[in-house]
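Those protein sequence lines, which keep their order, are chains A and B.
For the first sequence, our numbering begins at 1 and goes up steadily by one.
For the second sequence, our numbering begins at 1001 and goes up steadily by one.
Keep in mind the hints are simulated off the structure, nothing from the lab.
One thing to keep in mind: the hints can contain errors.
List of simulated lysine to aspartate or glutamate pairs, EDC-like, C-alpha gap at most 20 Å [unchecked claim]: (1) B:1021 / A:321; (2) B:1013 / A:224; (3) B:1303 / A:177; (4) A:120 / A:177; (5) A:214 / A:202; (6) A:290 / B:1184; (7) B:1013 / A:69; (8) A:113 / A:58; (9) A:33 / A:21.
Covered stretches of chain B (chain A as the covering partner; in silico rule of three or more C-beta atoms under 8 Å from a C-beta of chain A) [said to hold, decoys possible]: (10) 1098-1104; (11) 1176-1182; (12) 1274-1282.
Beta carbons: idealized from backbone N, C-alpha and C, even for Gly.
Letter by letter, the chains look like this.
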Amino acid sequence: MSVVKDNGARATLPPFGEEHEELRQTVRRFVQKEIAPHVDEWEAAREFPRDLFSRCAELGFLGLKFPEELGGQGGTHLHDAVWVEELARSGGSGGVAAGLNAHTSIAMPPIFKFGTEEQKQRWLPAGIAGEKIGALGITEPGAGSDVASLATTAVRHGDTYVVNGAKTFITNGVRADFLVCACRTKEEGGHGGISFLVLEREMAGYEVSRKLEKMGWHSSDTGEISFADVEVPAENLLGEENGGFKLIMANFAWERLLMAIGAVGAMQRLIETTVAYAGDREAFGRPIGKFQAIRHHVAEMATKAEASRALTYNALRLFHEGQDCIQEVSMAKLMTQRAVLEIADQSLQIHGGYGYMREYGIERAVRDARLGPIGGGTDEIMKEILGKTMGL
Amino acid sequence: MATATGNGTSVIKPDFESGRKHFIFSQEHEDLRESMQAWVKKELWPHRNEWEETYWPTSAMKRAGELGFLGLCFPEEYGGQGGDYFYSLVRAECMSYSGSGGTNMGFAVQTDMALPPVHLLGTEEQKRKYLEPGLKGDKVACLGITEPGAGSDVAGIRTSAIRDGDEYVINGSKTFITNGTRADFIVLVAKTDPNERHAGITLFVVDLKDENGEKVPGFTVSKELEKMGMHASDTGELAFEDVRVPADAVLGEVGKGFYHIAWELQGERLVAAAGCHAGAERMMEKTLEYAKEREAFGRPIGKFQAIRHKFAEMATKIEAAKQFTYSTAWRFGNGEYPVREITMAKLYASRIACEVADECVQILGGYGYMKEYEIERAYRDVRLNRIGAGTDEVMLDVIGRSYGL
């Protein structure tokens, strides 16, 4: 036997295959050319231009997983996963990714999954074309993780629902043309009385009451929306009346998986940036990466990132196969959101003063990553779900 | 190990019909898993406490050999089962049901540390003489790398094997050698050129006993070592004083031993990682059972959020380690040589196993600290994994260097 050496060759890790790699290269080129150079400017403006939706639509990125008859690309969730991972890896902006994904992967899927043919035709082709922007409205000032205590009401009068209440922390909330909105349609509390209505911004009584300032995700707009006697036609009811909880649950799995996949991409970016910096930056006569303490920091970061990738890709595979994967998805969400925050912090440490300065994008990565353990279900909620799957 | 240097032509793609099991495992793997697990539970597990005092008996390895569990991924012509690399993981996972870290380690040294180099580097004659009886469990093997003065720094070893006519003369000592007090032969790392570092290293396969079962002249077990854990496993300090071996005891190429060992370590580390996530899973299962039964303040302790969340965290870590090991094994089994990922997987899995052990002791409270619950033993056993087969610190160095740092 001759000497075996690691030549660095690696096959694409399943569930991704060759066709996904081609898409990955395409997305990467686009993101590097048309998103990354503008991120600082968009962060400062507290939003990315609305044109970005139409540009992404033009290239087919908003409709990757939707069928061709709706204007989509007819791909699968795996294509969407490639898009999300690469957006995080090459874009480096949690806000841009959040805004685009809130539309494609959070607002549109419930319409696709639960909508009637007519409802799909009404919102999805326009959404996939980037002409109409969507948002999902669940969280309220008084109810976040505890969705059973939603207080926005929708009272039916004939062919119309009258909606009153408020939603907050809504990504794309300021610019959204349509809002897939959770409302209480039954007096009794609990999960059983929730329904989804599609609200449109031009409806009387629908008002974006505030654009919220945040720790990170600066290039995404986050809105607080209030409803005062908004009259919504009954044909805007999505799915069954009082069957909304099912819709919430259906969406969570994909939303959480996407967060995990985005974190995997973000971790990859942070490691590449940090390795490059540690190899270049000299102190005490050598590159700082040649000091064992720094080398081990990087090794720790990379190990965490790759363990996260393995966990996430397997959860994605199960999801793609249509297997029951609530446990694996919750684990992936829980682990990756912490991991990317820790890695961003370690990267900041290695970058030292430069890391703390805005221009390097590292401090932004830390701020962006901090939302992970909160959004899409907090760490604590993930642990509750996991505890339940174990019979506790 | 048969496929460890495979040509990569038969890359396994994800099987989207595979159900919840991982795509590297076929139904055959699952069938084997079922039968081996049943055997481990029936014939090893009941003796776990006794073997802490006596070591695992050599007859147990013989029995495993009879049932074909030692040769799962070795070719049939030497008595193996001809399976692919993934059977190594199945084997390591099944062994976790023995409840005895020491037994698992003793077996793993045979199947995943000492025999793979004989298989891959050995001459036909060496394979007949060592691999075949090794797979049958007729001969117990050990691997001699570490010395009193050199562990992680393999190039710093001092045991010498100096050519003298048709023979080599071996002098030096080896320590922390699992199976060392009873082994029939050793895969030995020695310096054929003591003036060189890496380039002076050569592997040998050396009989430690003659046909009558007596130790060969010049070889002694200088110490039987006492340890923190792994009590079911014997650990020896071995002394070689002018031990003469024929020139054909060289395994692989003269002067290439360092690279041979570097390769051997990859398989060893990956299997260690599998043992760690499986061991952690066993500990968690046992503790979960306890948390559902044990009551405090009027309810099972597992119903307290603090305890429930501990389980959520443990399960997440275990699942991450498991998936990481599987995806890395997929690469290795397909003919890649993913040193970076193997190193990461070993580091990650051995750490989480120690964390899980500690958390389980904590949840079991006073009972966890008592011998009869066997968690304190698992805690002591598992601690070795952050040292053996390359310390955490060596792993971090290897990973960091793989990034050019």
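Verification of the hints:
1. B:1021 / A:321: holds, 12 Å
2. B:1013 / A:224: Distance of about 46 Å is beyond 20 Å: violated.
3. B:1303 / A:177: violated, 44 Å
4. A:120 / A:177: holds, 15 Å
5. A:214 / A:202: violated, 26 Å
6. A:290 / B:1184: Since the Cα atoms of residue 290 (chain A) and residue 1184 (chain B) sit roughly 44 Å apart, the hinted pair is violated (cutoff 20 Å).
7. B:1013 / A:69: Violated. Residue 1013 (chain B) to residue 69 (chain A) sits at ~30 Å, over the 20 Å cutoff.
8. A:113 / A:58: violated, 24 Å
9. A:33 / A:21: holds, 18 Å
10. 1098-1104: violated (count 0)
11. 1176-1182: Violated: only 0 residues of the region 1176-1182 of chain B have a Cβ under 8 Å from chain A.
12. 1274-1282: violated (count 0)
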